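My request is simple: use the sequences and hints to build the entire structure.
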Amino acid sequence: MHIPDGYLSPLTCIATYAAALPLWVIAFKKLKSQLDETTLPLIASLSALSFIIMMFNIPIPGGTSGHAVGASLIAILFGPWVASLCVSLVLLIQALIFGDGGVTTFGANALLMAFAASFSSYYVFEALKTRTFAPYVSGWVGVVCASIVLTLFLGIQPIIAVADGQPLYFPFGFALTFPAVVGSHMLFFGVVEAIFTGIAYRYIVKNRIYKGANV
Amino acid sequence: MKKIFYPMLILFVLIPLGLISENPAWAEWENEYYQEVLGFIPKGIENAFKIKALAPDYTIDGLNDVLAYYLSGMLGVALIFGIFYLLGKKLAR
Chain A
1 MHIPDGYLSP LTCIATYAAA LPLWVIAFKK LKSQLDETTL PLIASLSALS FIIMMFNIPI
61 PGGTSGHAVG ASLIAILFGP WVASLCVSLV LLIQALIFGD GGVTTFGANA LLMAFAASFS
121 SYYVFEALKT RTFAPYVSGW VGVVCASIVL TLFLGIQPII AVADGQPLYF PFGFALTFPA
181 VVGSHMLFFG VVEAIFTGIA YRYIVKNRIY KGANV
Chain B
216 MKKIFYPMLI LFVLIPLGLI SENPAWAEWE NEYYQEVLGF IPKGIENAFK IKALAPDYTI
276 DGLNDVLAYY LSGMLGVALI FGIFYLLGKK LAR
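Each protein sequence line maps, in turn, to chains A and B. The C-terminal position of the first sequence is numbered 215 in the working numbering, with every residue numbered one higher than the one before it. The C-terminal position of the second sequence is numbered 308 in the working numbering, with every residue numbered one higher than the one before it.
Treat the hints as calculated values from the structure; they're not laboratory data. Just so you know, these numbers come straight off a predicted model, no measurement behind them. Every residue gets a Cβ at the ideal spot worked out from N, C-alpha and C, and that includes glycine. Certain hints may be false.
Stated by the list, open to error - Estimated spans, in silico, between C-beta atoms of each pair:
#1 B:Leu301 <-> A:Gly62: 38 to 44 Å
#2 A:Ala163 <-> B:Ile266: 22 to 28 Å
#3 B:Glu261 <-> A:Gly62: 21 to 27 Å
Claimed, not checked - To give an idea of the interface, some chain B residues facing chain A are shown, with a C-beta separation under 10 Å as derived from the structure:
#4 Trp241
#5 Tyr249
#6 Glu261
#7 Phe264
#8 Pro271
#9 Leu278
#10 Ser287
#11 Gly288
#12 Ile295
#13 Arg308
Okay, structure coming up:
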């Protein structure tokens with residue numbers, strides 16, 4: 001799900017950074033207001049957990065692989081802004097230290113894996129709150145929403161950046177990208193995120209590690 | 216905190232499972248893939264800006280893949296805790 005450097009046109013890179021920047025500023029303020037002696041170690045741990053969960057590359061039929069994100073769990077416990085910032089931090093470390101996801105595409109990757117996943121997860125959880133399956137659905141929706149935004153960023157490339165009839169950046173349009181990306185996330189990686197979010201949320205609430213949503 | 220630390224530790228020990236897949240993620244292919252499928256490599260992808268990562272794709276030169284994966288995991292986790300620790304210190308002031 002990490003868009004590498006060279007896959008998005010410069011215009012897309014600039015636009016996604018421009019969109020992400022004010023969101024990061026708001027998210028940082030929200031995080032600051034929530035950090036205290038009890039929340040800080042837990043938020044740090046859940047961020048580390050997101051990093052660890054993304055290291056589990058899961059092979060799927062069709063010769064590709066993918067992974068869960070871990071954004072939903074933070075979003076339903078600490079709200080979508082805190083989750084977005086935590087996952088953005090994870091993505092930044094992945095891009096700079098491990099070359100996983102580009103530097104020029106960091107804004108785009110944050111918009112999909114951090115913001116799209118966190119906000120969609122959070123609102124779904126809020127809507128279903130009283131149901132026991134809420135965290136499961138929330139995790140699934142988060143990853144699927146992220147994959148939809150990923151399709152959008154990739155799919156517009158062959159439309160907006162072509163020279164001499166050849167695509168300059170990501171070459172495949174929506175018709176190919178949508179089923180491959182959104183389909184695989186609906187069938188596999190969304191399910192993994194659902195199971196992870198559901199089990200982890202239950203564990204955290206049951207053991208009274210954290211009392212639950214507090215935004 | 217112990218209660219969250221132990222399950223995390225178990226997950227961490229299992230991370231080499233993430234190496235089972237030799238397939239790249241969709242849209243994270245090597246450049247040769249485009250040459251094969253399209254007959255050319257899109258110019259932007261071919262000439263992409265690439266940073267020199269410390270441990271590219273969680274590998275470390277001359278080190279066994281599993282060991283490098285563990286070390287990468289430790290480094291990532293340590294950086295995340297380090298940043299939050301500094302943030303906490305800064306905010307406490």
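Comparing the hints with the structure gives:
{"no.": "1", "hint": "B:Leu301 <-> A:Gly62: 38 to 44 Å", "result": "holds, 43 Å"}
{"no.": "2", "hint": "A:Ala163 <-> B:Ile266: 22 to 28 Å", "result": "holds, 25 Å"}
{"no.": "3", "hint": "B:Glu261 <-> A:Gly62: 21 to 27 Å", "result": "holds, 25 Å"}
{"no.": "4", "hint": "Trp241", "result": "holds, 4 Å"}
{"no.": "5", "hint": "Tyr249", "result": "holds, 7 Å"}
{"no.": "6", "hint": "Glu261", "result": "holds, 8 Å"}
{"no.": "7", "hint": "Phe264", "result": "holds, 5 Å"}
{"no.": "8", "hint": "Pro271", "result": "holds, 4 Å"}
{"no.": "9", "hint": "Leu278", "result": "violated, 14 Å"}
{"no.": "10", "hint": "Ser287", "result": "holds, 6 Å"}
{"no.": "11", "hint": "Gly288", "result": "holds, 6 Å"}
{"no.": "12", "hint": "Ile295", "result": "holds, 5 Å"}
{"no.": "13", "hint": "Arg308", "result": "violated, 13 Å"}
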